[in-house]
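Peer 1: Just so we're aligned, residue 1 is where the sequence shown starts under my numbering, counting upward by one.
It is worth saying that the hints were derived from the structure and are not from the lab. Quick reminder that beta carbons are idealized off the backbone N, C-alpha and C, glycines included. It is possible that some hints are incorrect.
[To be verified] Below, a list of computed lysine-lysine pairs in the DSSO-like style, where the Cα atoms sit at most 30 Å apart:
1) Lys-61 x Lys-49
2) Lys-92 x Lys-218
3) Lys-185 x Lys-61
4) Lys-92 x Lys-220
5) Lys-145 x Lys-220
6) Lys-49 x Lys-27
7) Lys-215 x Lys-185
[Said to hold, decoys possible] Distance ranges between label pairs, derived from CB positions:
8) Glu-25 x Gly-235: 31 to 39 Å
9) Glu-4 x Asp-121: 33 to 41 Å
10) Glu-130 x Met-1: 18 to 26 Å
11) Val-193 x Thr-213: 15 to 23 Å
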Amino acid sequence: MTEELYLRDSYLREFEAKVLSHDIENKGVKLDRTAFYPGGGGQPCDIGKLCNGDSDYEVGKVMRGNLHIIDGPLPPVGSDIQGMIDWERRYKLMRTHTAMHILCGVVWRDHQASVTGGNMDILSGRMDFEFERLAPEVVVEIEEKINLEVAAARDVKIQILPRSVAFEIPDLIRTKINLLPEAIKEVRTVEIVGLDLQADGGTHVANTCEVGTIKISKYKSKGGINKRLYVEIDG
Numbered sequence: 001m002t003e004e005l006y007l008r009d010s011y012l013r014e015f016e017a018k019v020l021s022h023d024i025e026n027k028g029v030k031l032d033r034t035a036f037y038p039g040g041g042g043q044p045c046d047i048g049k050l051c052n053g054d055s056d057y058e059v060g061k062v063m064r065g066n067l068h069i070i071d072g073p074l075p076p077v078g079s080d081i082q083g084m085i086d087w088e089r090r091y092k093l094m095r096t097h098t099a100m101h102i103l104c105g106v107v108w109r110d111h112q113a114s115v116t117g118g119n120m121d122i123l124s125g126r127m128d129f130e131f132e133r134l135a136p137e138v139v140v141e142i143e144e145k146i147n148l149e150v151a152a153a154r155d156v157k158i159q160i161l162p163r164s165v166a167f168e169i170p171d172l173i174r175t176k177i178n179l180l181p182e183a184i185k186e187v188r189t190v191e192i193v194g195l196d197l198q199a200d201g202g203t204h205v206a207n208t209c210e211v212g213t214i215k216i217s218k219y220k221s222k223g224g225i226n227k228r229l230y231v232e233i234d235g
């Protein structure tokens with residue numbers, strides 16, 4: 001098992017670890033601990049590098065199971081390495097992910113609209129909601145309100161709870177379908193204090209004031225009651 005450092009500290013940029021094994025087919029390595037986020041929930045994986053003495057190994061992708069894909073030769077099994085996240089990219093993704101939760105929190109609070117899908121990239125993303133109708137003036141109002149939540153400087157808190165405790169929290173799962181398999185015995189929650197509380201495994205900033213200005217760049221219908229909002233975050 002790999003110790004997933006990113007679950008408890010999104011701001012960890014460097015870490016020390018040991019190479020546990022090689023995956024020759026995928027050209028990757030598994031480590032005993034990692035701060036690289038493997039992607040999920042619409043958030044892309046981290047990239048960066050591993051260092052072993054004078055040798056640097058570029059991590060161009062991280063796959064589920066915390067498999068670090070290396071461009072070139074692999075560091076030896078059993079070797080001690082230092083991992084370094086591409087911090088500029090990671091921090092922008094943290095800001096983006098928190099922006100998506102702000103959007104979700106405002107839409108749920110004011111419209112009780114469930115999330116039906118979403119995805120994000122660096123400083124941009126989209127989220128689908130169940131809206132019977134989404135008028136232009138409502139979109140303008142949502143944009144105003146999400147930026148008020150950024151300005152409110154709300155703390156963002158992470159907790160890891162037993163599954164039985166987590167599922168006693170009302171509306172913890174905002175997606176239309178519960179995506180948490182029964183095998184998961186602990187649930188990580190992300191709370192924007194006073195606005196939003198969700199089960200989530202991604203990386204986030206510590207306060208909404210770090211997000212920056214959020215713009216709803218466009219919106220459209222995806223058929224039926226599904227409406228898609230596109231957001232961009234100031235760089």
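Peer 1: Now tell me if each hint is right for this structure.
Peer 2: Structure-based check of each hint:
As the CA atoms of Lys-61 and Lys-49 are separated by approximately 10 Å, the hinted pair is consistent with the 30 Å bound. For the given pair, Lys-92 sits about 21 Å from Lys-218 by alpha-carbon distance, which is consistent with the 30 Å threshold. For the proposed pair Lys-185 and Lys-61, the alpha carbon gap of about 27 Å is at most 30 Å, so the pair holds. Restraint check for Lys-92 and Lys-220: the C-alpha separation of about 25 Å stays at or below 30 Å, so the hint holds.
For a cut-off of 30 Å, the pair hint linking Lys-145 to Lys-220 stands: about 20 Å separates their Cα positions. As the CA atoms of Lys-49 and Lys-27 are separated by approximately 14 Å, the hinted pair is consistent with the 30 Å bound. The straight-line distance between the Cα atoms of Lys-215 and Lys-185 is roughly 37 Å, outside the 30 Å bound, and the hint therefore fails. The beta-carbon spacing between Glu-25 and Gly-235, approximately 38 Å, falls within the hinted interval of 31 to 39 Å.
At about 23 Å, the CB distance of Glu-4 to Asp-121 disagrees with the hint of 33 to 41 Å. For the hinted restraint 18 to 26 Å between Glu-130 and Met-1, the CB-CB distance of approximately 38 Å leaves it violated. Val-193 and Thr-213 have their C-beta atoms about 21 Å apart, which keeps the hinted 15 to 23 Å range intact.
Of the numbered hints given earlier, the model fails hints 7, 9 and 10; all others are met.
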